[in-house]
Amino acid sequence: MPANSGKRSFLERSTSSFVDAMEHAFYAESTARADGLLQRIDPRVKLLGILALIVPAAAARNFAVIACLFAVAVALAALSSVPFGVLLKRVWVPVLLFTGIIVLPAPFVAPGQVVYHLPALGWSVTAQGLASAGYLVLRAETAATFCVLLVLTTRWNHVLKALRVLHVPAVLVTILGMTHRYLFLVLQSAHDMFESRRSRIIGELTPGERRRVAASSAGVLMSKTFDLSNEVYLAMQSRGYRTDISTLDQFQVRGFDWAMLGAFAAVSITALWLGR
Amino acid sequence: MSRLNPGGAVQATAYELTDVTYRYRDVTALDRLNLTVSVGRRIALLGANGSGKSTLLRILDGLCFPDEGTVRFCGNSLTEESIQNDGFGMDFRRRVGLVFQNPDVQLFSPTVFDEVAFGPLQLRWAADHVRRKIAETLEMMEITHLKDRSPHHLSMGEKKRVALASVLILDPEILLLDEPTAALDPRSASHMINFLVRLRGGGKTVVTTTHDLDIIEDVADDCFVFHEGRIAASGPPAQILGDTPLLKTTGLLHSHLHVHKSGEVHAHSHLHRHEH
Chain A
1 MPANSGKRSF LERSTSSFVD AMEHAFYAES TARADGLLQR IDPRVKLLGI LALIVPAAAA
61 RNFAVIACLF AVAVALAALS SVPFGVLLKR VWVPVLLFTG IIVLPAPFVA PGQVVYHLPA
121 LGWSVTAQGL ASAGYLVLRA ETAATFCVLL VLTTRWNHVL KALRVLHVPA VLVTILGMTH
181 RYLFLVLQSA HDMFESRRSR IIGELTPGER RRVAASSAGV LMSKTFDLSN EVYLAMQSRG
241 YRTDISTLDQ FQVRGFDWAM LGAFAAVSIT ALWLGR
Chain B
1 MSRLNPGGAV QATAYELTDV TYRYRDVTAL DRLNLTVSVG RRIALLGANG SGKSTLLRIL
61 DGLCFPDEGT VRFCGNSLTE ESIQNDGFGM DFRRRVGLVF QNPDVQLFSP TVFDEVAFGP
121 LQLRWAADHV RRKIAETLEM MEITHLKDRS PHHLSMGEKK RVALASVLIL DPEILLLDEP
181 TAALDPRSAS HMINFLVRLR GGGKTVVTTT HDLDIIEDVA DDCFVFHEGR IAASGPPAQI
241 LGDTPLLKTT GLLHSHLHVH KSGEVHAHSH LHRHEH
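Quick mapping for you: the protein sequence lines, in order, are chains A and B. As numbered in our numbering, residues 1 to 276 make up the first sequence, in order. As numbered in our numbering, residues 1 to 276 make up the second sequence, in order.
Everything labelled a hint here was simulated from the structure, so no lab data went into it. C-beta atoms are modelled at their ideal positions from N, C-alpha and C, and glycine is treated no differently. Honestly, I wouldn't trust all of these hints.
Derived Cβ-Cβ restraints for the label pairs, each shown as a range [unchecked claim]:
1. 101/A with 126/B: 49 to 55 Å
2. 203/A with 124/B: 56 to 62 Å
3. 218/A with 25/B: 21 to 27 Å
4. 172/A with 85/B: 23 to 29 Å
5. 85/B with 96/A: 50 to 56 Å
A few chain B positions that, by computed beta-carbon distances, are all more than 10 Å from chain A [as the list claims (entries may be wrong)]:
6. 16
7. 28
8. 41
9. 105
10. 142
11. 156
12. 183
13. 188
14. 193
15. 215
16. 233
17. 235
18. 244
Given these sequences and hints, build the entire structure.
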């Protein structure tokens, strides 16, 4: 019996996209091994440095300062062999769309000096509204770019280990590690489940049937997720895992790392000062 | 209730289980089980799906603990408390290795290299020793060419080999294998069987669960047949394989329709054997 080639539901499209996204997560492991500026920095220093740059990006009240921080992020990407195409596709466009929706009403509802009237609707666009929308979008773009740079230039095990060294609670680090480990399997399982169901459905389902299918699939997936998480944890325990992450690479702070930490701190303090 | 040890000869005891009962909610997976596993023996646990074999392996690996009864490992009581003890827990994990039936739950690291390194690193081996052992183990399992690949992108046969390598690197005295040939293509299954045959006389205690009767004479010295959470029979492979009524009762042998060269179609029991 031929598989139904009809339109795929929102859930199916979403799981398919998530599977693709997780495939890209493996790409991140390869960029983390590239020879670049950020890749050469000790993960603990890098984590602290990136956090130090995110703080002024979130706190600065000067548009030019945030723009300069964004330029720093772009320069770091260039020096770390992270292609702009990747940043554009994974950060800049999605963040613009997401925050764009959130800030869309701001230019019309924020009180202030009117700079433009929409001809058909007669709505007023205020300078203050435009500025606050611009601030939010630029802040989000800058902070997200820094975060993604950290992930793309650091192996996931090293991020987790750096978090532990910096005294982030073991429970939190364990949860992060587990999530990363079995998320891919769960999504693959969901994807397979939808594919299998689609191959046994002929014609279009009614909205009610679709809702029932989605609800039952969610229930089955939840049960599978629980079993899978348990299995993965047992497999880790079986090979001696307790709560701490051990990696083959020992972290070592060298002169270069201290210099980079100093540079991160200098940029952060300057941005905080100028953007206050 | 008899204590079963078909090996007969006086040998040091690796495991001693007394009246072990394990339940999953309302289902009794193991029912007052008594079993002794001697050091250096190769044991096959035979049984249909759901007969309690995998549950027993998890108990032997200290991943779950019986609701009733006791488990002793090399003379020491194996309990949730004892496995939490750093000294005993680390020693136990070094000496006992479990290869899961589903390799996907066992492969959670970004690369094959990291996966094989995971166990030794949790047991705090020195970095140089870990690197040397990884190289040796990858070569022994003929997967050196996969070391930089993501485990999720491998074939089932390759995944099984990586899962086995991730346990063998610890050189455990006791190897627990859950359905090692399940879901493998003939070539991968043959590779796995060859490996299991080479373990003969290697001094390791090997406990293999399987319902593949074709392999047990090659991989086991003693067999235990499981049925509804109990040991229905035990003995050397030739004796068990010769007991057709037992194999039928316990769901290990079945009749299915097949076509003869003459074109005749009928059903009767078959025990498929391979060529020597």
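Verification of the hints:
| no. | hint | in the structure |
| --- | --- | --- |
| 1 | 101/A with 126/B: 49 to 55 Å | holds (53 Å) |
| 2 | 203/A with 124/B: 56 to 62 Å | holds (60 Å) |
| 3 | 218/A with 25/B: 21 to 27 Å | holds (22 Å) |
| 4 | 172/A with 85/B: 23 to 29 Å | holds (26 Å) |
| 5 | 85/B with 96/A: 50 to 56 Å | holds (54 Å) |
| 6 | 16 | holds (21 Å) |
| 7 | 28 | holds (19 Å) |
| 8 | 41 | holds (21 Å) |
| 9 | 105 | violated (4 Å) |
| 10 | 142 | holds (21 Å) |
| 11 | 156 | holds (14 Å) |
| 12 | 183 | holds (15 Å) |
| 13 | 188 | holds (20 Å) |
| 14 | 193 | holds (23 Å) |
| 15 | 215 | holds (23 Å) |
| 16 | 233 | holds (29 Å) |
| 17 | 235 | holds (30 Å) |
| 18 | 244 | holds (35 Å) |
Of the numbered hints given earlier, the model fails hint 9 alone.
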